[in-house]
Every structure is written in structure tokens, then in C-alpha cells.
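Undergrad: Fit chains B and C to the given chain A structure using the hints.
Residue numbers (our numbering), protein chains in the order written: chain A, 447 to 928; chain B, 447 to 928; chain C, 447 to 928.
Treat the hints with caution; some may be incorrect.
Stated by the list, open to error - Sample of chain A residues lacking proximity to chain B, with all beta carbon distances greater than 12 Å (derived): (1) L491; (2) L585; (3) N620; (4) I754.
Said to hold, decoys possible - With the C-beta cut set under 7 Å, the calculated list includes, among others, these residues of chain C facing chain A: (5) R469; (6) L470; (7) M528; (8) Y563; (9) T569; (10) P570; (11) A642; (12) N774; (13) M777; (14) T821; (15) F845.
Since the hints were derived computationally from the structure, they do not count as laboratory data. In this text, a Cβ means the ideal position worked out from N, Cα and C, and glycines have one as well.
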Amino acid sequence: MELFEDMTKPSRNQENGLLDPNRLFPVESRARGIAQMLFEEVEQLPIISPHGHTDPSWYAENKAFGNATDLIVKPDHYLLRMLVSQGMSLDDLGIPRNGATSETDPLQIWRLFAEHYHLFRGTPSRMWLDHTFSTLFGLDSPLGADTADQYYETINEQLARPEFLPRALFERFNIEVIATTESALDNLEYHDAILASDWNHRVVTTYRPDSVIDPDFEGFAGNVRKFGELTSSDTTSYSGYLDAHRIRRQYFRKRGATATDHGHPTSRTAALDVSEASALFEKVITGDHTDADAELFRAQMLTEMARISVEDGLVMQIHPGSWRNHSNEIMRDYGRDKGFDIPSPTNYVEALKPLLDEVGLEPNLTLILFTLDETAYSRELAPLAGAYPCLRLGPAWWFYDSPEGMMRYRQLVTETAGFYNTVGFNDDTRAFCSIPARHDMARRVDCAFLADYVARGLLRETEAVELAHDLAYGLAKKAYRL
Amino acid sequence: MELFEDMTKPSRNQENGLLDPNRLFPVESRARGIAQMLFEEVEQLPIISPHGHTDPSWYAENKAFGNATDLIVKPDHYLLRMLVSQGMSLDDLGIPRNGATSETDPLQIWRLFAEHYHLFRGTPSRMWLDHTFSTLFGLDSPLGADTADQYYETINEQLARPEFLPRALFERFNIEVIATTESALDNLEYHDAILASDWNHRVVTTYRPDSVIDPDFEGFAGNVRKFGELTSSDTTSYSGYLDAHRIRRQYFRKRGATATDHGHPTSRTAALDVSEASALFEKVITGDHTDADAELFRAQMLTEMARISVEDGLVMQIHPGSWRNHSNEIMRDYGRDKGFDIPSPTNYVEALKPLLDEVGLEPNLTLILFTLDETAYSRELAPLAGAYPCLRLGPAWWFYDSPEGMMRYRQLVTETAGFYNTVGFNDDTRAFCSIPARHDMARRVDCAFLADYVARGLLRETEAVELAHDLAYGLAKKAYRL
Amino acid sequence: MELFEDMTKPSRNQENGLLDPNRLFPVESRARGIAQMLFEEVEQLPIISPHGHTDPSWYAENKAFGNATDLIVKPDHYLLRMLVSQGMSLDDLGIPRNGATSETDPLQIWRLFAEHYHLFRGTPSRMWLDHTFSTLFGLDSPLGADTADQYYETINEQLARPEFLPRALFERFNIEVIATTESALDNLEYHDAILASDWNHRVVTTYRPDSVIDPDFEGFAGNVRKFGELTSSDTTSYSGYLDAHRIRRQYFRKRGATATDHGHPTSRTAALDVSEASALFEKVITGDHTDADAELFRAQMLTEMARISVEDGLVMQIHPGSWRNHSNEIMRDYGRDKGFDIPSPTNYVEALKPLLDEVGLEPNLTLILFTLDETAYSRELAPLAGAYPCLRLGPAWWFYDSPEGMMRYRQLVTETAGFYNTVGFNDDTRAFCSIPARHDMARRVDCAFLADYVARGLLRETEAVELAHDLAYGLAKKAYRL
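Looking at chain A on its own, in the form it has when it is part of the complex (with noise of 0.2 Å):
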């Protein structure tokens, strides 16, 4: 009975609050039953965030953060880039031009923000920020032009008490581990200071070595030098410099890391012989290379890094096909990370065969495979990764991070690569509070699609519930090694 009841008064609990507490669940009544029992077994259960970019200073230092306009808008590429595709500028937004400091009035980028924030309707920021709005802060009535003030003193409020500091946050959103990203050339000062700290809770780093590794990363030959002084390796020889990855790998390990990420263009690789890599490494190093040469070095050593991941054990993910920065004026005026970057078609079957042909039998080896081409789920990662003991795939990413793209990805994979090829979820955010939020949509998410699948007789309700375990909380856990 109460389940007929939930259909036909939905609106009641959807308009007067933020939240429907059977939002993403299938509409038809049994299926949405099964969606129900399913996402009760996985709510409470801890976060695993295996791969994201929260800052580790917050845990380190655990300072409360500022205000509402600074937390929540200027940080989020999702939101700046939809509202400059709606007319509003980036200085409007209180992004500094040229480097130089933005004065803009906070509470006006918010009233601005809030004014717009109908532009985010179908969108899952919306969705993220009505969870974050109504869990987190307490807010019930939808924020807009009349709302706006009132959302942002209540924030800003909060953001002042004790129990909205870093720690006290990931203590309430039940964060069992987060891993950051850092680059290779970071001195791991505040995973340091963590692991001194009294406050046991587990923040892991992962080694990011795209400024080491992408001869067309700004000050390439500088952070390779770097990169030798940090590990006393002479890094003017490819040796050295293989070397000096090992070593570094090590000192990433220490504080916690069990995995690298690489964010290459594509996902080409290249598998040289030592004479051919050898020469190839000293014309980049030099700054005596074509484009070319650098593809073809980024090629390499995305196989090199598989054969070391080989032999320490770190889990290795490539991240390829984003254009960066695609606006000339955008990045030159404003910087990187503005919401500029655009998906381009990614090709994995012949750029993976060259480290596949080394590397993709071994059983020590697991390689993360994500992308920004959906086109490849089907017709070639859910293929690879149905076969390759190696390969896994990663959540659907960035743009496609989203109760249709999140749909798309297990309609479009599961068929040939099964449920435990995938890896479980990635928040993959710097936007701290909105990691619950996150979370609990993929759950729903996924929820729904076994649920679907139960309703249609494609798996047992015994079988949903493992695999709701299984999606929300053990294969993250497995695959990164945590």
C-alpha cells in the first residue's frame, strides 16, 4: 500500500522541498520498488573516492572555507562555462583577467548565479547543488532572484561553524578514503601533515606525472630537471629518467598512493625500442622535436608506465580526448580550466595495441580506462576490456557524469564486459561538498538499471543486491587496491 501511495502523491514531497526521495528511481511502481530495496541496502554504506581533485591542505590544515560565491560557484568549471554560453562574462563571474585580481562583490556573483540558475535545469550541477543546498545546508525552497540573499548569508552562516570544517565534513560525509592527485614535481607536504596528524582518516595521494611526461606541458625541460634534483637521477638519460619515475612512484607510495593518472590527448601508445626511445627522449628534452615526436613520446611512455606499474603494483589510469583550452582568447585572457575543454573522438583500438601486445596479459597489472568519446564504449573499450585481464573501465566521465550519460554507460557496456570489468564510481571533483551528492546519484543510478533488469527477468533480486554492494562500494575498492 505504501508504495501505491508514494505514486500517486509524488508531487507533494517534490514540490515542497528540493529533494524527491525517489528522484532517478524507475516511475513504474514494481520497478521502482526494486529500486528502493536495492539503494536502502547501499545508502549508508562509506564513500570510496578512489580518483579526485580535492585539495589535501583543507584536511591538512582543516581552515573553514569562505564564502558561498567562493566555495561553490568560482571553483566549478560546470557552472562558470554555462553561464558564459548564456551571455554572462568571466569577469562578471569574478575571475581574474590577465592574472590581475578580480574585485567583483561576492554576494553579486551570487545574486547573478541565482538569477540564472534555471539554465541548470535538466543539468546534474543542478541536481548536485539542490542535494548539497538541502542536505548540507538545511535550505527547502528553490534558489532563484527572490531566494538569493537568504541562500547565501544562510551558507556563509554555516560555513563558520566547527562542524562545517574540512574534517568535521569528511567525517559526516562518511568517507572511508579519498585519494587526490598530485603532480610528480609535488613535495606531498599536506599528505605528510596528515599522516603526522591525530586525525585518523585515510587521504591517499596519485601520481600525476603529465608534467614530466607531455613535452608540450608549459616549462617541460625545467620540470624534468626538477624532476631529476627531486630524485637524485640524472634525468638527461632516458634511464636516468625511467629512473627517477621509479624512485618517485616510491615516494608517492609512501603517502598512500596506489595509483597514477595520465591525461593525455589521446590514448595513444608506442612501444620503442630502447635506441629508438633513447633518441626520441633527447630530442624532447632538448626542445628539438615536432609535434609529432611529442605524441609519439607521450606514446611510449604511457607503455613505459605500464611495465613499472608492472613491477611496484600501482594502478594505472589514462584519462584521454579532452581539447584543452579550446578558446584562444579564453585561455589567454583567463587561464586553464575555464570550461573550455571539449571532447574530441578517441580511437583506442589500434593507440592501446602497442602496450597491449607488452604489457596486457600480465596478472600484476591493472590499467583504468576512461573516455570522453561514448561512441567507444560499445564498438571498442567494453570489447578490450572484455577480454584483456589488464583492462577495466573506468565510471562514465566529466560531461557524461549524469543520470542519462551514467545510463547510457552500463546500457552500452555491461552486454559484452559484464558488471566487474567496471571499477565503481569516481566522484572525480575539487568541489568538495558536492561528493555525497555524487555518490548518491550513481547509487540511484545504478540502482535503477538493476532494478530495470530485475523487473525484466535479466538478473535475480539476490544477484541486484550484491551488485548494488558490488557497484557502490567493493569494486572501487578492489580495482584501485585500496
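TA: What follows is chains B and C alone, placed relative to chain A:
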């Protein structure tokens, strides 16, 4: 109670007439109820038709349409292609071969069409036709071999009546404004005639300069010469040629044009400097050019058109990616537009970059993108339109102007670009009688999409009502500056 | 009332047995009811299997199948690939390395498979297997570590009985006609034996000439020599070589063949003139050719095969786009068909143009296209098949021969190509016991698709009944001229 009755006795309406009153709505009763409510809000809104191919002489001359075959079958490439794909010849269908007059009896053609009407099951053509048969001509038993003659007589008899003249239909269809599409060389006499008449309804033109921009267009050099004469410009120089565009666009603007349209094979753009562009123009105008030159000239001209749009405020549309007249034999014997235009993979991220770096952040530019490559929706188009302020996404086009196609469009676009970077519906048709059917379909599919989002807690009902209005009416009017 | 009871107590059936009687049907009760009605209409129709890979010796010799492991696990690359992807080796699974005999105990392999049966959750393999276990072997508790031995014994015990001999199963499966696939060099002795026997069931062959068409095929030159001997043709000249095809196709036609099949890496076609083609043939036959020559020869031969099909009426099938044996190590150690064939992006619009300009409008040609690149469904394949009279679309193939895959196929293809440019279902399998399961799945998914269209007012029930018959039986029989 009424809802429940609808659900238990659905086939009664459906089997007795041509149209299910709940067609295209979600099946589940609560979501269906929401869709019904939303559709009631928008069903009677006037039609905004900002892009299409109806013939302005119809409205200018207001002559009766001919018989059912000439009105419905022969001009509709959707119908011709399907019948040909199943073994009929274009001769059988009355299409003149090599310009010779076809002597096929229109009633015979109608009978052939009616006998094969089952081929259209599951296609949008079938829905548009049934809507037209039912709501316009009052027919209520299915078209087939047994009803062919009755249909033919009923339609022809009605077409002869005054209430079936073009202007009467325009009013009956509740069209607020319709845009036609004319070549840059067209003298727009029919638009002048409409403006000069006492019939006070809004028919506007659209500037389509393919014939003077595309070096591969039949008679290109002569077209450019005529273009110079029409505008009193020296179209032997690049600057004179660009001036001719400026002048001719003003001529179109005075006949109501608010937009331009560009049907290029690809979406490639370029930003050559003046001397390079002038040299290229010299090549293409003298016919001394390669295929690559022609492609580069088209690319350069998209950027020039965008620059002039910044000046004169005409909204720019790009319809790329059709391989026109794919069959040599069909083209040779029967000519263009006979259903053998086939989509091709289309890239936008790289192709549009030159234009976007020139004018992508201009506040006065609106550039509406279309695609025949659905893989670009979530990978390229939504990310681009969700960032660049000049970009908007045109509705699902051509083969995808269909229930499944429109639903995929919303599912793939909304989470990244939202609703407000889309521009409502285009009927894009030369089939005048199908216009109400096409808008009916689009409104129903959008209401179904919104209803599902409400039912799953992703939108509030009040928001969905506002969105339903915007998608059916407001966005088209605003985006096209009508 | 019965419908409603089904809906409220669904898990009873499902948890107590392996098969939900409503599996794959829509969840909502009205649509489910329509799907049930449609499925009742087609469930008992005979099986038409126009394309597959069962072994004709089974029907000719009628010997008992071996044990469960040899019948079900070892020959099924879907199973091998998933188990390998999760860390098992092909050695563990009894696959001979470097041709050496495997000494692995089949019961041990069966146990390994059973312990890992959860890996197949959500895959079509799981549904096919459960259907086989339940309907063929009468098993009704789930396969797992605890039931492995019971399964093994039950299956083996039954396989030894007369009613499990190949001919008995053929009759029990209600197969009206099955096509096998043989190399152009095969002597078709088993087909002769079947024809000569008193067993009056229809097993036909299919002409698969890859080994004498693809210059990259192992032993190509020798194959062509043997081809000449078999046909008493001079296969050292191009015209003699083409004659050999004509003669051999007749040999196959006499053993029931109605179709040819071509498994090229791409769908590229060519229309060289005779002297060019002869020169190219000279190159490839002497081994003095580049990769590009080999690709061009395969392309030319697709057009030649189409021309001969116009003469002899054999239906032509193209299965392009698989990157065969992607892992060098697996290929070297275990050989072909071990689950490491990976799809690649495939173009059809440009690739097929030469062939289509030659014979695309021929009334006597049927050319059935398949794809492993789902992006081609709506962008290329449906638009092509919805125009060219020779083209038909094969069903969802290989990785997409699955519930989600088949549903996507209908959703992406139908609106442009309709139902009548498709050809029903292919089981395309060497797993004999899975044939009823595969047709069951396809019929259910098609009924679910049609039911949804009826429930949403896009089709009338009477039309859906007719379509369900056509999709399950009529279209395959007609398209393959069986």
C-alpha cells in the same frame, strides 16, 4: 478515474481512428498524466516556423493545391526513397526522367503508394501523414489498397474548396510566422507580393547563399557574376564580393529575413588573412581551383558570414554533413532531391575552431548548429554550445526529426548544454500540410521528455510547464529574433 | 486479473526457476500485456536460421555430443574472453597452447566456469545459457560452485541419450532451415551426405570465399591454385579466376546455398576497369603487393561478387569491421577465434559507393549489410538501406546480439529504414544448443519493441501482430530467398 480508464481501454480510440490521443506520451500512468497536463498547456500555442522550405508563391498567389498525388507523394523525398528502396522505380512514381514529362496517371501513383503504405510503419512519415489525413481531411480508416480511391477522391474534393487554399490553411494551422528559404540570387518577388497584399500574416525569407559561395555549385562563376549585377558590386574582387553579400543581406532583411542558412558538406571554417583569402577567391572564381581550394573557400566564407552577422544581426545557421545525390545514376536520370542524400561523419570541434577564435565570444552573434551525425551531440555539440556564447543547437534534423531521434537529442544534449542553449523546433519542410503534424509531434515528444524528468524527480512541475512553453514557442522566437 | 497478479508477484517465478516467463518484456503492465500477446503469436513459429556456423557433420553423422565442457565452454569465445578478462588463462580453460593437446580435466574446467558464472550477469551469454540449462536439460537452480557437479553430471547423462543426438535436437528445436558457412574450397561432403540421407530436413551451405579473395589470408596463393583445380579454371588469369567463382558458386547452389558471405576488415568497394583489375590480380597472386593493394583487391572483389550475384541470384552478405586476433600473444600461442576480435570504426557511405554505382539499382540483387560500429546505424546504414533497392540491413551482430543491442538497433534503424528493409534474425552461432535461446531472445525483444510502439500509439495492434510474424519468420525467409 479518467486517467485509469484511458489506460485500460486504450485501443478503442486507436483502432477506430487514425490517431491515439495519447500518442508519444510515456506509457506509465503517472508520467502519462504529467505529459497530458504539459501538452494541454502548449497544444494550442501558435506555430513559430523559423526554418523551412515552403514555396512563398503559395501565400502570394493563393491558388488551390492540385491532387493528392502532386501535393503529398511526388514532392516528398521521404516517401520516394522508401518506395524506391522496396523496388518501385521513380518512373512508377511519376518522377520525370531526364526532364521528360511524366505521363503516369496520378491516381495510379496514389494507388501504388497506398498499397505500400505498410512500409512506413514505425517511421515519422506515417505519423505525419495519418495526422494530416485525420485532422485536415477528416479521414479515419487506415490508408491501404482498399481505401486508396476513397482517400484520393476525398482529398481532391476538399483541396478544391476555398478553406483549403494556402492562406486559409496558414490561418487554420495557427502559424504566427513562417520562414522560407531563398537563394541569394532570388528576387523575392513573392515576398514583395505578400507584403504588398492585404493579407496580414508573417512570411519571412532566409538568406541562403550556397550558390554564390560553393565553388562546386552548378554555374558558380555565372552566379557570382549575376550576384555582382544584382548588387551593383564588383564581384571580381574579394572585397567587392563581400560587399555584395552585405548588400544582398540587407535586401533580404527588408523582406523580413532574420537569418541566413548554409548547407555545406562539412562544418569546416577558416580564418585566412585578407591576401590569402583574396588569392583563394581569385582561384575559385576563375575555376582554376582544386577540391581542397573549394573546401577552403567554403570554410573561409563561413567565417566571413559570421563576421557580417556580427554587423547586421542576422542569425546564422549551418546544416553540414549531407552527401548529396549519392547515387550517380539517380542524379543523372532524375536530378537532385530524390532521397539519395546520405549523412556522413561530421567533426565540429576542430572544424569550427577558426571561426570561434574569430567571433565565438561576440555578444551579437547567434550561430545555430545542426548535425546529421548524432555522435556529435554529446561529444562535441553540447560541450561547445554549453561554453561559447554565440552557439545554439538546432533541433534534431532530417532523419532524426522523429520521435526516437528527438528523444535521443534531448537525452544526449540536455545534461551538458541545458535547455536554453537549444532553439525549439524547426519543421524544415516543403510539405505544407505536414506542418501542424510536425509541430504536434515535437511538442508531444518534448512533453514526454519533461514528464519523465518530473516523474523521476529531476524537475518540478512548475519548471516543466515553463520549459514546455519555451520549447514549443519561446526559444524559437528568441533565438531567431522573430 | 491475471495480468495484475503477474505484476504483483513477479519474483516467485523468477527466484524459483532460471527463467522469468515475462523476461525482456516491458515492465509497465499494459505494454507488458501487449508484448505477451504478440509473443504468443510468434513463440511457436519454426526457426529460420539463414546465417550461422554450426558444423554440417553433426547433421550428417548424427553422433552424440561429448561432455558439458566440450559442448558448452571450450568452443564459445564469448565465455573464454570473459573468463580470461578476469584472470583465468586459456590453459586453465583447456585451450591447447601451440597446438599441444590440453590435458586439463573437463570437470575441473566446468567447475572453474561454474565458480565464475556471476561474471556473466547482465550479459546475453548468461541468458542463453540459463535458457539452455532450463529448457533443454531441465535444470532449475542457478549454476554456481555448489551446483557445478550436479550440472555436469545431469548434462553429460542427457547428452548420451538418443533424444539429444544432433538430428533429434534439430527437430526438437523446430528448425525449418539452417544455413551453415563453408569456405569456397570446402568439398561440401557433409551436405552431400545429408542430401543423400533419408533425413528430410533442410541444411544449406553458404559460399564464403575469403580464403581465395583476401590476399592476407593464410596460404592465399595456394588457395587460389587449389581453387583453379577444383573448378578446372585457369586461376592464373583474372577472367579465369572470376570464372572459378562462377563455377564454384554453382557447386554451392546445388548444395542449397542461397547466399554468400564476406568477412572483410572494412566495407570498402572498388570498380576498377578490367585492365586495372587484371594487373592488380597479377600483383596479389604473385605476392608482389602492398597492404594497399590487398585492400583494393578485396574492395574490387566485393563489387565482382555483387555483379555475379546479379547473374546467379545468390544473396550477398558483408560482415565488415572486426580487427581479428588483436593480441599478438594470444594469436601466437592459441590461434584464431579465442575472443580477441575487436570492433573498429567502419564507414559505409564512401566505402560502398563504387559498388552501389555499379549495381545498386539492380532489381535482382540483395546485399545484406552488418556492422560492429553502432554509430553507423542511424547515420549511414538506415539512410542507405532506406534508398537503395538492393540493400537490406542484417540484424544486430555479435557484441550487439543482445537485449540492449537489439533494442538500440530497432530504435536507431526503424524511423529511417522502416521494418521492411531489415531481414529478421540471424543466430550466427556455432553453439548449437543456444539456437532456441537466441531466437527466443530476439523474438521477445522485437515483441517488446512493438508493444511499446502500440502502447504509445505509433502502431495499431493488428499491425504489430503482422510485424511480429514478419520479424520472427517472414522477413528472413524472403530476404535470404529460402
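Undergrad: Give a verdict on every hint.
TA: Against the structure, the hints:
1. The claim that L491 (chain A) is not at the interface with chain B holds, since no C-beta of that chain comes within 12 Å of its own (minimum 22 Å).
2. Remark: the non-interface label on L585 (chain A) is consistent with the geometry, its nearest Cβ contact in chain B lying 15 Å away (cut-off 12 Å).
3. Here N620 (chain A) stays apart from chain B, with its beta-carbon at least about 23 Å from theirs, past the 12 Å limit.
4. Listed as outside the interface, I754 (chain A) is consistent with that label: its C-beta sits roughly 32 Å from the nearest C-beta of chain B, beyond the 12 Å cut-off.
5. Contact between R469 (chain C) and chain A, as hinted, is supported at the beta carbon level, the nearest pair being about 3 Å apart and thus within 7 Å.
6. Given hint, L470 (chain C) at the interface with chain A, holds; its Cβ is 6 Å from that chain's nearest Cβ, closer than 7 Å.
7. Given hint, M528 (chain C) at the interface with chain A, holds; its Cβ is 6 Å from that chain's nearest Cβ, closer than 7 Å.
8. With its C-beta approaching chain A no nearer than about 11 Å, Y563 (chain C) sits outside the 7 Å limit, and its interface hint is violated.
9. Residue-level restraint check for T569 (chain C) holds (minimum Cβ-Cβ distance to chain A is 5 Å; threshold 7 Å).
10. Checking P570 (chain C) against chain A: minimum C-beta separation of about 6 Å stays under 7 Å; hint holds.
11. Checking A642 (chain C) against chain A: minimum C-beta separation of about 42 Å lies over 7 Å; hint violated.
12. Of the supplied interface hints, the one on N774 (chain C) holds, with its beta-carbon coming within about 5 Å of a beta-carbon of chain A, less than 7 Å.
13. Nearest Cβ of chain A to the Cβ of M777 (chain C): about 10 Å, over the 7 Å cut. The hint is violated.
14. A hinted interface residue such as T821 (chain C) counts as satisfied when its beta carbon comes closer than 7 Å to some beta carbon of chain A; here the least separation is about 5 Å, so the hint holds.
15. Residue-level restraint check for F845 (chain C) holds (minimum Cβ-Cβ distance to chain A is 5 Å; threshold 7 Å).
Hints 8, 11 and 13 from the earlier list are contradicted by this structure; the remaining hints agree with it.
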